[in-house]
Amino acid sequence: MNSISVKSEFILSGNIGEKIWDSIKSGLILVDSEGKVLLWNDWIAQHSGIPAESALNHLLGSLFPDGLTASFKTALKSVLQHKLPIILSNALHRSPLPLYPLPATQRKQDRMQQSIIITPIVTSEKKRLCLIQVTDASISLKRERVLKSHSERLSKKATTDGLTGAYNRRFFDERFTAEFGRAQRQSAPLSLIMLDVDFFKNYNDRYGHPAGDKVLISVVKALSSQLNRPTDVVVRYGGEEFIVILPDSKSEGSQIIAEKLRVAVSNLNIPHSESKVADHVTVSVGVATYQPDTDCNAACFLEAADTALYSAKHDGRNCVRHLVTPECGRYCPDTPQANSPD
Amino acid sequence: MNSLSELQMDALTEIFNIGAGRAASSLSEIVGEEVKLSVPRVQLYQSSEINADVLSLNSPRLGAVKQSFSGPFDADAMLLFTEDRALEIVHDMMGSQVGIEDVAEYEQEAMCELGNIILNACLSSMADVLDLTLDSSLPVYSVGATDALLRQIVSEANQPVMLVLHIDLAIEKRHSQGYLVFLLSSSSLQKLLVHVDRFISGI
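Protein chains in written order, with the working numbering: chain A, 1 to 342; chain B, 1 to 203.
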């Protein structure tokens, strides 16, 4: 008898109400305090494959062969008991009800991703009912995913060099600050390798800029091929100048890698008739290693790498030179004299 | 005078711990692990006194789940976590199926549900123990700069009194501190205290 009196309440409000809920593009189920279905809109009928005639006046749990999930039952009970509205998020529940994306004629589909809201309704006769609203969460999930892949692509664009695909200066500034801060906090070593293509201006003059671009691309490939850890990154720092950040690398290790990088570029064997050190393209390499617990700051450390590169060029190019940070005080004007090893 | 006696404070702490216990069992059911939730302390503040330092929310960004409820007294109930905590909680609740970097996608919804569970549990235990009926809106989640969000919370509510519950949530051995805040008018606070006193004299 309960359900009839309740239904008549709806009918009294005109069948406008019925037309509205059947037009709504989300699911509406109304149940009474026993869990008996009083309203089952078209959307729910379509996506569950259960027509309203079969659902009305039946217990909600009995309509589905597998019954209701534990969390759904708890939520329903709790709404009736405490009269407080409840959310079942898609994030934590995925697909509480056996609903399917397409009109549920064929059952070989995956369940629809759902977001569910259950609100208490008290009738004028003080009867406690529950309104269950179901929305298809897959649309917003898809939108989130599209936005995420867009933003990933954009941030990749914003941090890489268009020509070589290496990371760019902007990326370096952020990553270097972060890695240096981490090295200081955790008293971990950190190394920087700075490389410069030898006589690159002469190469461009002799072979043309398009050929010069190809050299830069090949150099980045050669450098990347020598780095195994995902945290070791190649950055195009300026025209023909590159930097490799090596977190947690001590001086011995970083010198070995620096030498591997130098050899890898040399082994490309790209003819360079205008080079004064070889008949092919080579690089000069400067390595700096941050020794934990020294007073060196980030700018001073970067300066040390630059100084090491300068030494490599000064000493005849196509070679590796190395500096560790306590020595850098000599070269870095920012460092107080007291910290200088002299 | 807006202040609480020790007895009133104890009664409220007890009521909210009943709620915390209920919330913990619902959360455990979802997470499939033991979830512990407790309310070690309840304090009363004037809204004007509230800032990030008072609540020791040392993070640039804050997440807040809000439900407004009404009944014998009205209040805005809010669950506050720093955003990095919120993301960790969501990650713990979702389990290993989702990487920590993908959690932000679900933050909004999952935090709404977490807030809903904890707020409902506290409201329902208050309603049960004090024998009253409360209605509540659906939860709304907002994230923003800590100071700005706190200022907005205080000014929007236009309610001078804040009942602040310290919350300790433990999922899989990770402890997260948060706050449950009730913003009330002075008259709503007085009405709440009338019910609390009635409860105290009844035991």
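Keep in mind that the hints were calculated from the coordinates and are not lab data. Keep in mind the model is a prediction, meaning the values are calculated, not measured. A virtual CB, placed ideally from N, CA and C, is assigned to each residue, including glycine. Mixed in with the good hints, there may be bad ones.
[As the list claims (entries may be wrong)] Chain A stretches covered by chain B per the calculated footprint, using a threshold of three residues with CB under 8 Å from any CB of chain B:
1. 55-69
2. 80-86
3. 89-95
[Stated by the list, open to error] List time: in silico EDC-like cross-link candidates among lysine to aspartate or glutamate, alpha-carbon distance up to 16 Å:
4. A/142 / B/102
5. A/25 / A/53
6. A/148 / B/29
7. A/19 / A/34
8. A/73 / B/107
9. A/77 / B/156
10. A/148 / B/135
11. A/126 / B/49
12. A/260 / A/232
13. A/276 / A/205
14. A/25 / A/136
15. A/142 / B/105
16. A/73 / A/136
17. A/126 / A/232
18. A/77 / A/34
19. A/126 / B/107
20. A/77 / A/32
21. A/313 / A/295
[Said to hold, decoys possible] Some chain B residues close to chain A (C-beta under 7 Å, calculated; not the full set):
22. 28
23. 32
24. 106
25. 109
26. 116
27. 138
28. 141
Hint-by-hint comparison with the structure:
A count of 0 residues in the segment 55-69 of chain A with a Cβ less than 8 Å from any Cβ of chain B is obtained; the coverage claim is therefore unmet, three being the minimum. Using a Cβ-Cβ cut-off of 8 Å, 6 residues of the segment 80-86 of chain A lie near chain B, which meets the minimum of three, so the contact claim holds. Closer than 8 Å: that is the beta-carbon criterion, and the segment 89-95 of chain A has 5 residues meeting it against chain B, so the requirement of 3 holds. Of the pairs offered as hints, the one joining residue 142 of chain A and residue 102 of chain B holds, with about 14 Å between alpha carbons and a cut-off of 16 Å not exceeded.
About 20 Å separates the Cα atoms of residue 25 of chain A and residue 53 of chain A, which puts this hinted pair outside 16 Å; it is violated. This hinted pair does not check out: residue 148 of chain A and residue 29 of chain B have alpha carbons roughly 31 Å apart, beyond 16 Å. Distance check on the hinted pair: residue 19 of chain A and residue 34 of chain A sit about 26 Å apart at the alpha-carbon level, beyond 16 Å; violated. Under the criterion of a C-alpha separation no larger than 16 Å, the hint pairing residue 73 of chain A with residue 107 of chain B is inconsistent with the structure, at around 24 Å.
In summary, the hint linking residue 77 of chain A to residue 156 of chain B is not supported, as the alpha carbons are separated by about 33 Å, beyond the 16 Å threshold. Between the alpha carbons of residue 148 of chain A and residue 135 of chain B the distance comes to roughly 38 Å, so the proposed pair goes past 16 Å and is violated. For the hint linking residue 126 of chain A to residue 49 of chain B, the alpha-carbon distance of about 42 Å lies beyond 16 Å, and the restraint is violated. Restraint check: the Cα-Cα separation between residue 260 of chain A and residue 232 of chain A comes to about 14 Å, which is no more than 16 Å; the hinted pair holds.
Between residue 276 of chain A and residue 205 of chain A the CA atoms are separated by roughly 14 Å; this keeps the pair inside 16 Å, and the hint holds. At most 16 Å may separate the alpha-carbon atoms for a hinted pair to count; residue 25 of chain A and residue 136 of chain A meet this at roughly 9 Å. For the hint linking residue 142 of chain A to residue 105 of chain B, the alpha-carbon distance of about 11 Å falls within 16 Å, and the restraint holds. A distance of roughly 20 Å separates the Cα atoms of residue 73 of chain A and residue 136 of chain A; the hinted pair therefore is violated under the 16 Å criterion.
Of the pairs offered as hints, the one joining residue 126 of chain A and residue 232 of chain A is violated, with about 68 Å between alpha carbons and a cut-off of 16 Å exceeded. Restraint check for residue 77 of chain A and residue 34 of chain A: satisfied, since their Cα atoms lie roughly 9 Å apart, inside the 16 Å limit. For the hint linking residue 126 of chain A to residue 107 of chain B, the alpha-carbon distance of about 37 Å lies beyond 16 Å, and the restraint is violated. Proximity of residue 77 of chain A to residue 32 of chain A is assessed by CA-CA distance (about 11 Å); at most 16 Å being required, the pair is judged to hold.
Between residue 313 of chain A and residue 295 of chain A the CA atoms are separated by roughly 27 Å; this puts the pair beyond 16 Å, and the hint is violated. The beta carbon of residue 28 of chain B comes no nearer than 11 Å to any beta carbon in chain A, farther than 7 Å, and the hint placing it at the interface is violated. Proximity of residue 32 of chain B to chain A is violated relative to the hint, the smallest CB-CB distance being about 11 Å (cut-off 7 Å). For the restraint placing residue 106 of chain B at the interface with chain A, the shortest Cβ-Cβ distance is roughly 4 Å, inside the 7 Å limit, so the hint holds.
The beta carbon of residue 109 of chain B is positioned within 7 Å of a beta carbon in chain A (closest approach about 4 Å), and the interface hint is therefore held. Among the interface hints, the one on residue 116 of chain B holds; its C-beta lies about 5 Å from the nearest C-beta in chain A, closer than the 7 Å criterion. Annotation: residue 138 of chain B was flagged as interfacial toward chain A, and the flag holds, the nearest CB pair being 5 Å apart, inside 7 Å. Interface restraint check: residue 141 of chain B against chain A, minimum CB-CB distance 10 Å, threshold 7 Å, status violated.
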